[in-house]
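Trainee: Residues per chain are reported as follows:
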Amino acid sequence: MSIPKAQVVVYPGSNCDRDALWACKYVGFDAEFIDIHSDIDADLLVLPGGFSYGDYLRVGAVAAREPIAQKIKDFVDRAGLVIGICNGFQILVEMGLLDGALLQNSNGRFLSKIVELEVLDNTTPFTSYFLKGERIRLPIAHGFGRYVKTCDVNTVVRYVDDVNGSDELIAGITNANKNVFGLMPHPERAIEKILGSDDGLRVFLSAFNYIRNNGGVRL
Amino acid sequence: MKYIDILESRLGRKATREEIEAFTVMWSEHCGYSHTKGYIRKLPKAGTGGNAGIVPLDDYHFLAFKVESHNHPSAIEPFNGAATGVGGIIRDVLAMGARPTAILDSLHMDKIIDGIIEGISDYGNSIGVPTVGGELRISNFYKHNPLVNVMAVGVGKNEHLIQSRATSPGQVIVIFGGATGRDGIHGASFASEDLTGEKATKLSIQVGDPFAEKLLIEAFLEMVEKGLVEGAQDLGAGGVLSATSELVARGGLGAVVHLERVPLREPDMLPIEILISESQERMAVVTSPDKAEKVLAIVKKHLLFGAIVAEVTDDGRYIAKYKDEVVLDVPASLLEESPEETIYDYTPSSPPKFKWIRFKNVDAHDVFERYDYMVGTDTILPPGFGPAVMRVKNSSNSVGYSLSIHSRADIGVQDPYWGAYITVLESVRKTLSVGAKPLALTDGINYADPDIEPMGLAAQIRGLKDACENFGIPVASGNASLYNTYKGKGIPPTMVIGMVGRIDNLNIPLPKKGPIYAVGFSDFKLEREKELLTEITKIVNSGRFVLSMHDYNNLTTFNHVLNNLGLHMKIQPPRTEPVHQMIIVFGEAKTTVPSRKIGYCF
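So the protein sequences, as listed, match chains A and B.
For my numbering, count along the first sequence from 1 and bump the result up by 1474.
For my numbering, count along the second sequence from 1 and bump the result up by 30.
Calculated from the structure, these hints are not laboratory results.
Some clues are possibly wrong.
To be verified - Using 25 angstroms as the maximum straight-line C-alpha spacing, the simulated SDA-like pairs for lysine to any residue come out as follows:
| hint | chain 1 | residue 1 | chain 2 | residue 2 |
| --- | --- | --- | --- | --- |
| 1 | A | Lys1587 | B | Leu251 |
| 2 | A | Lys1667 | B | Ser572 |
| 3 | A | Lys1587 | B | Asn593 |
| 4 | B | Lys542 | A | Val1589 |
| 5 | A | Lys1499 | B | Leu251 |
| 6 | B | Lys321 | B | Pro369 |
| 7 | B | Lys423 | A | Arg1492 |
| 8 | A | Lys1606 | A | Asp1635 |
| 9 | A | Lys1587 | B | Lys423 |
| 10 | B | Lys330 | A | Gly1528 |
| 11 | A | Lys1499 | B | Asn535 |
| 12 | B | Lys423 | A | Asp1509 |
| 13 | B | Lys385 | B | Leu577 |
| 14 | A | Lys1499 | B | Asn537 |
| 15 | A | Lys1587 | B | Leu577 |
| 16 | B | Lys331 | A | Ala1543 |
| 17 | A | Lys1667 | B | Ser426 |
| 18 | B | Lys331 | A | Glu1540 |
| 19 | A | Lys1667 | B | Asn589 |
| 20 | A | Lys1499 | B | Asn424 |
| 21 | B | Lys423 | A | Asp1672 |
| 22 | B | Lys519 | B | Leu251 |
| 23 | B | Lys324 | A | Ser1512 |
| 24 | A | Lys1499 | B | Glu255 |
Take the sequences, apply the hints, and build the full model.
Mentor: What follows is the structure, encoded as structure tokens:
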């Protein structure tokens, strides 16, 4: 088969788009940027971090209502893989592709540091390279990362310590089909040891090999 | 002689009301550097000058960098004052054709002012430029006059280096970015006064919009990438007037500015208000008429406002019109020729015996964990270790650069000359401590009232000059903030030095378990400095982590950083004089200077 293809959706105000593209290319994806008017032609779609539309309204709320939103929903229905990181997670929640809500950190402040996480579900296409229960280190950088549950969700990673007041220390979840993954920590910032951690590399490797093994969804 | 008399004698007639408004801005200390340009001219320089300093990094890339103060606005309105300080300096770096890659901040205040931290955090985080380092100095000296000095750094490709001038008649100037409102009118003149002056109101404070800034960064870089930019300048103090007149005056040219074309947020602005408004997130781009439509298409694509506002002329006149009405018609060069104040010769003496004036010991984590220091995935050495280290992705032989920002106001208050001198020396040591070779520096002069104490200012800049000359460090850019006074009482002479260094080996030594040594001398003798610098380089090259600080009793932040690595240290901090020649080394080092075990890391 052809090389797995990733597209990174650049919303106005996205600022981790270049880091996400770098990470996708680092593990071997054929990767490119698309914008809110583009069509989707990918096996993996990345909704990157940042401050879409300045996050002047509710975080992710404006981006979730862009023309590309319906195309993303169709892509999810076709079993395409979607990962939303930080602001991308907030956008997925606003789009209704993931349950729950992301509110302001319990201390009211933006928080930027490397934190310890525990992998709870290694059966998703994004986490097959991890062991169940494994402790990993990923950077966080967010002001609105407090996850609030509205129903039962499939928790994939949770914080070891309470960093932002999230329900059940939830840091990342998938939908029921496990093809949509949203998380507040930044795996794309942890792909090289020289950056302080390379634990995030395996998120992209897992997705890459899942597509390799199961075939992509490009039309 | 009052400036109004100088102006009228240069014009040969009475000045109009609009001319008085315009020259109040352009000849303010903030824009015109009247008290400092005589001194600055004598500093050893690097690069060609422009919006920010430029030094070559490798065969393909240049570094653009500059420090700028936003002291007066931050005193009155901490959040927006500090936020727009970040925005302004980012655009200076951007205007050179470089992608902004890092922010550092030097903060002096009497306690942690939440609004200032929040302003920097909110703006820097949103635009996606990591805040990778800084210094936090807490002292009552700054009770009424907090100092907010922000340094921005960018990396550009050599073929994208943009001049800060118009080059030929017939070019046009596009103003683009956010829309223009009344905010920040006379901000430049307010920033040149005692804080009890009548201009110290919130009306002079600009308001920040980081979303617009982020769009502006991407739009401008796209224009640069496509070869559409022939010259550029950001709009800061003095707004349209300052940006357009500087662009043409530097090229020995003139301009006709059409103020009715400037996109407005407030519809009923007077022409002179449009000319001098300091609304943020705007830039001026010099381009050819045939490229202007492409420039405007990019502006529109990035959801910004823009218009062709001026034509470049060859008659040297700066003419601002509103429709057919001439608002201003003066020689462009006159706007740039702010009067020069007398400069003084300072004769340095040998360093006196300094007293310890300790600033409050705080854990800087409380501040820098509110800044995104990792976005961009180029931060190799995060805050807390000393200088930050950044890499350049896709560079030949993986080049990197070190960044530090440092000051010694505790010494400056005792002796302004040595305060500045020692700050430069300690910055060199810090740069070497991460294995970097110093390239150049940017100076942030912060001073009280030069009319009352002119000699302190002379001494401060002389200290900078002598240190730079003696240790071969050129000055690439700088900023001066004077009149940091409240009811006539001023701050200590505070010279903030931002230094950049080049790194060829990105495997920076990190702290490791084992013995810890104090290496060097607990006092200061200038003639020993070069030996110490050589030894630092040798020790770092042997793979040892080196910590170079001025006060080893103040290790709270460093201890926290060590804990983040899963390490702890138990040491007897070396006792030193306030100015010393001592470093801390993790592991035993072969060295020609005295070395003594002080504890261990576990």
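Trainee: What are the numbers of the hints that this structure violates, sorted from low to high?
Mentor: Hints 1, 6, 22 contradicted; others consistent.
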